[in-house]
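Q: Listed here are the chains, written in short residue letters.
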Amino acid sequence: MNLTDLTACQWRDALREGRTSSREATDACLAAIERLNPILRAFLSVDADGARRCADEVDRRRAAREPLGLLAGIPVAVKDNMCTADGQPTTCASRILGSWRAPYDAHVVERLRAEGAVIVGKTNLDEFAMGSSTENSAFGTTRNPWDTERVPGGSSGGSAAAVAARMVPFALGSDTGGSIRQPAALCGVVGLKPTYGRVSRYGLVAFASSLDQIGPFGRTVADAALLLQATAGHDPRDSTSVSEKDQPVPDYLAALDEPVLPLRIGVPREFFGAGLDPEVEAVVRAALAVYERLGARLVEVSLPHSTEFAIATYYIVATSEASSNLARYDGVHYGRRSSDHADMIDMYMRSRAQGFGDEVKRRIMLGTYALSAGYYDAYYKKALRVRRLIRRDFEEAFRRVDCIMGPTSPTAAFRIGERAADPLAMYLSDVYTVSANLAAIPGASLPCGFTRAGLPVGLQILSDVFTEDRLLRIARMYERETDWSGRAPPLAAGPTARRGGAA
Amino acid sequence: MALSREEVLKVATLSRIRLTGGEEERFATQLSAILEYVDKLRGLDTEAVEPLAHALPIHNVLRPDEPRPSLAPDQALGGAPERAGDCFKVPRVLDEDAGA
Amino acid sequence: MSEPQLAPTIGLEVHMHLATRTKLFCPCAVEYDAPPNSRVCPVCLGMPGVLPVMNEKAVELAVRMALALNCEIPDLAKWDRKHYYYPDLPKNYQISEYDQPLGVGGWLDVDVAGRTVRVGIIRVHLEEDAGKLMHAEGGGNYSVVDLNRTGTPLLEIVSQPDIHSAEEARAYGEALRQLAVYLGISRGDMQLGQMRFEPNVSLRIGSDAAGRPRYTPISEIKNLNSFRSLERAVAFEIARHREEYEADPEGYTLEKLGKTTRGWRDDSGLSFLQRSKEEAHDYRYLPEPDLVPFMPDRKWVDELRASLPELPAQRIARYIAMGLSAEIAQALADENLIGQYFDDLTKAVARLSKTSGDWVSTRGNKVCHDWILQHVRRTLNEKKDDMGEFRSKMPAERLAELIQLVEEGKINRNTGVEVFNEMYAANKPASKIVEEKGLVQVADSGAIEAFVDQAIAANAKAVEDYRGGKKASFGRLMGEAMKASGGKANPQVVKEILLKKLGG
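Residue numbers (our numbering), protein chains in the order written: chain L, 124 to 626; chain A, 59 to 158; chain R, 37 to 540.
These aren't lab readings, by the way, just hints derived from the structure by calculation.
Treat the hints with care, since some could be wrong.
Just so you have them, the derived chain A footprint on chain R, three or more residues with Cβ under 8 Å [as the list claims (entries may be wrong)]: (1) 56-66; (2) 72-81; (3) 318-331.
DSS-like mimics (lysine-lysine), calculated; alpha carbons at most 27 Å apart, straight line [said to hold, decoys possible]: (4) R:K292 / A:K68; (5) L:K504 / R:K118; (6) A:K147 / R:K118.
Now the stretches of chain R that chain L is said to cover, found in silico as 3 or more residues with beta-carbon under 8 Å [what the hints assert, rightly or not]: (7) 127-141; (8) 435-444.
The beta carbon of each residue, even a glycine, is placed where N, CA and C say it ideally should be.
One chain only, chain L, in its complex shape (with noise of 0.2 Å):
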C-alpha cells in the first residue's frame, strides 16, 4: 500500500514501531504533493527542504531514545492564514501583503514545532478567509479532488483537498461561519471546529475576531482528535483562549472508542428545509439511520433563528469585524504599497483596492456601513442581539438533546464558477454551519456518504461547548459502523495503490 494511504495514527504507530522513518513518510508526502499540486493547487507553499530538516532531526531524535513529542515526525500542512516564520510566506491567499514573511510563528504553529510535526507547506484558502469555494484565493482556486471541475468549499479548502488527496495525513484549518466544517464536507474528510476559546487564535491571521477558530483535518476521527489534542489550550497572549483551570483540556483519545449512549440526537427542521438538496438529504438520512440502529434516539427540535436569520447575523456580525480587521492592509508598514499615488490617502485608496480581491472589498464595504454612524443601531447592535437569540436556541436544545446533527452544506461539490457572480447564493453555502460560530460551539463534519455522481456528503454534528472530547467519541460511533475514509478520490491512488480497503 501507498505510504500516504496510512492515517496520522497509522503513521504514529508505523514511526514508533520503526517500520518506516520520517523522512520517508515526508519524502512520501512531498512526491504525492509534486504530483498532484499542479493539478489540484491546493498549497500556496511547500517548504521541502525544512520539512526534510525536520524529518531527519525527529529520525534522529527518536534513535537517540530523546524525549518526542505528540506528532513527531507526521508531516502536516497550515492553512495560509497562520503565520509561520520559517522563510514561508504568509499569504491569507491576497496580494495585498506581498512579499510579507512573519516574524512570528503562531501558537498552533509552535504548538505543532514543539510536538515535532513536519510542516510541509501552506495551503490554499479564500482570501483572507471569505469565502465558501476557495474561488476568492488571488492565487488561483483549489480544486475538489473528488470532481477537478469543482470546488472543494471554502475557505480551507487547500487544506481540506490536501488531506482528501493524501497529500498530507492531516492539516490545519480555520472556521469562522463553515470554513472548516463545509470544505470537509464537500472533500470528504473529518473537519472540527472547536469551542471558540479552545484553541489560541494568536498568530491566525483575524477576520472576525469573535468568530474565528482554528481546527483539524483529518481523514479519520482519531487523525482530527490527535490535532486537536496537539493544538488545544490556554495562550496568554489570546486574551479571549479560555484559561486552564476553567476548561482543562481533556485526552481527546483516550476514550475515543467508547460509544455514548444513551445519546439523544437533535434532528433540527431547519436543517432540512427548502434548500436542500434531496439527494445530500438521503444520505444524511441514511447516517441519521445508523445512530438508531447503535441505540441513539432522534428527537426533533427547532432552531428557529438558526437558518436565514444565523446568515443574515452573520453577514453583520463578521463583516463588521472584518471591516475593522483589514483596516490595517494599508502598505504603510507591511505588504503591497501602489506605486501609483498622488498623496497619502491615495496611496491608502489605491493600495487597498489593487490588492484586494471582490470578495474582500464587498464586505470590508459591508462592515463599514453597518458600523457607520447612524446605521450602527439599526445592523451591528441589531445583529448582536439576534446572537443571543441563536445561542438560546442551542441552550435550549441542549437541554433536551446530547447533541444536533443535520447536514453539513446544503448541497454537494458545485461547480467551479457556478456561484461566482452571485455572492448572495455562495453566502447560502453556509447556511447550517454559521450558527454554532456565533453561538461559540463546538462542531464537526463526518463524511457520510457520496451522491451518486460520486461527490462526497458531510454529515454535522454540533455539541454543547468544551464537550468535543463527547463529539469526538460520537462521531467514531459512526465511523466504526462504516469506511468513508478508506475510500480515496481516483487521483489520488498513486502508481502502486491498491484501491479501496481500510488500512
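With chain L fixed as given, assemble chains A and R onto it according to the hints.
A: Okay, now just chains A and R, sitting in the frame of chain L:
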C-alpha cells in the same frame, strides 16, 4: 435597502478603497442585495434582548507589567515598502490631523 | 448681548502617559530616548494575526487616579475600537473605551489664586497612544514614522465644562499633573510630552425663552503640550469667539455651527481650523472583540481607595497649619514620598532630641525641610534616583541622626553635608562615618586659638585690610582658620576668637 452610487462611494472612501470604472455600480447592486437580505432581522422582536458581544463569560484577563525584548529595527522594518533610515517612509502628510 | 453675558465655558480633555514599564497591550518597554522603531513588536506594529493583552499595572494606576478624582468605579468596563486611518496608527484603529469607561462622575478642587474652583470630572479611561509622524529631515517630500510610542498607555480625563477662564484651565491642568505625579500615576514630564491638553471652548450667550443656556459654537483645540500653550490658546479662543459673536450675533451659535476642531501654532499665537462639523470623524466604534471586559472586584477597589495617601491639598493645608510657608508647603507636597519623608524626619528628629534642648520646637521643622529641599533634592538630581530609592538608602532615622550631630555642634554644617553625601554613597550611619574619619568638630578654644593665630600669621595683608575697614577680609581669614583646622573647627568659636584677636 438599496444603496445609491453616492452612498457606495461614501462607504468606499470610509473603507479607503478606490473604486474605478463600473465597480461603483456593480458593488452598489451586490451590496444592496445583501443589505436587503440582512434586513430580515428587522422582523425579529429583540426589544428585551441584550446584545451578545462576547461569546464566553471571560473577564479580567491581565498581564504583568514586565518588559520583554522588542524586535530589532531591521526586523520591525523588514516588511516596510519604503524606509528612511530606521523609520517608515510615507508620502508627505500636510495636515497634522488629516486622518479622517 | 452685553459683555458680562459672554461667559467662557471650558471643558478640558487631558491625556497623560502612565508610569508603567511596558505598553498597554504588549510587553515592549516604554522608553523615551530609544532609537526609532527599537521598542516595537508584532503586537504594537499591528502585524497580521496579533492580539492585545491588557497591562494590569495600567489598569491599577487608572483606577487609583479615578478614585483620587472621587470617581465611581462601575462594575463593568469594556474596551472599544475607534477607527481612523493614519500612518502613526498601525492598526488604523485605536483601542480605547467608548461608553463604559473605568471611572465616571468625579471632581477635583483646584486652587486658583486663592479661590477654590471645583471642576467636575465626567470620565476617566484608558487608551493606547499612537506613534510619531514627523516631516522628513531636510524638507524632503515625504514624512517618516517612528512607532516606539505606539501602544504607550494613556489615561484620558474628561472634565465637565466647569472652567471659566484661561487661568482656571491652566490651574486645573497643573493640579491634575501634581496629583498624578504625587500618586505615582505618571511622571508628568512635560518635556517628554507626557501630558497633552485639548480644551473645548465656547461662550455662553445668555438663555433662550425657556431658560435654557445658549452658546457660541464650541472649538476644540488639539494637542497642546505645555501649560503655557494651554493658557494662551484658551485665552485666544475666548477672545476669538467674542469677536466672531459680536460680528454676527444671529449666526454665530452652537445650533448653527456646531463644534469645530482647531490646531494651535504656539510661535504665532494663533489657532487655525482643522475640521468643521461636517467633516467630523466617523469613528465607527466597535466593542473590542479581542479583549474581555474588566469587572473590578469591589474589595480590591475599596483597598485601593483606602490606600490612597493624604492628597496634596490636604497635606499643604496641614503643613501651613504647622507654620510652614505656603511655598515650602507646596514644595514638600509636590511628591507623595517627599512629604512622607518630611513627616518621618520631623518625628525622628523629635524622638532623638528629647534630652538635648529646645531647638526642635523652635527650628526643627525648618531644619528638616532645609535638608530635604536642598540636599535630598540635590542628591535625587545628581544620582538620578527616585524618592523610593533614596528612602531605602537613607531612612529618615539616619538623616535625623546626622541632623542631631550638626545641631548639637558635634560637627559643623559643612562637614555635615560631606557626611550626608558619604552616608548615601556608602550606606553607613552618620556616627560611624564621623568616627571613622575623625570628623568631630573641634570646639576646644585652646586648639582653635592656635588655628586662628596660624591664619593671622599667614595672612598679614588680610589683617591689615580688615583693620583698614574692608569687612570682606574677615571672611577670608575665617576661611583660612577653618582650613588650618581641617574644616573641623566650630565656626562660631572661630569667629568669636578671631574677632577678639583682631580687636574688632
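Q: None of the hints should be skipped; say for each whether it holds.
A: Against the structure, the hints:
1. Residue count for the stretch 56-66 of chain R with a Cβ under 8 Å from a Cβ of chain A: 6. That meets the three needed, and the coverage hint holds.
2. Here's how the stretch 72-81 of chain R fares: 8 of its residues keep a CB closer than 8 Å to some CB of chain A, so the rule of at least three is met and the hint holds.
3. Counting residues of the stretch 318-331 of chain R whose CB lies closer than 8 Å to any CB of chain A gives 9, so the stated coverage by that chain holds, three being the minimum.
4. With a C-alpha separation of about 24 Å, the suggested pairing of R:K292 with A:K68 holds against the 27 Å cut-off.
5. For the proposed pair L:K504 and R:K118, the alpha carbon gap of about 16 Å is at most 27 Å, so the pair holds.
6. Restraint check: the Cα-Cα separation between A:K147 and R:K118 comes to about 24 Å, which is no more than 27 Å; the hinted pair holds.
7. For a cut-off of 8 Å, the count of residues in the stretch 127-141 of chain R with a CB near a CB of chain L stands at 3, and the three-residue condition holds.
8. Counting residues of the stretch 435-444 of chain R whose CB falls under 8 Å from any CB of chain L gives 0; the rule of at least 3 is not met.
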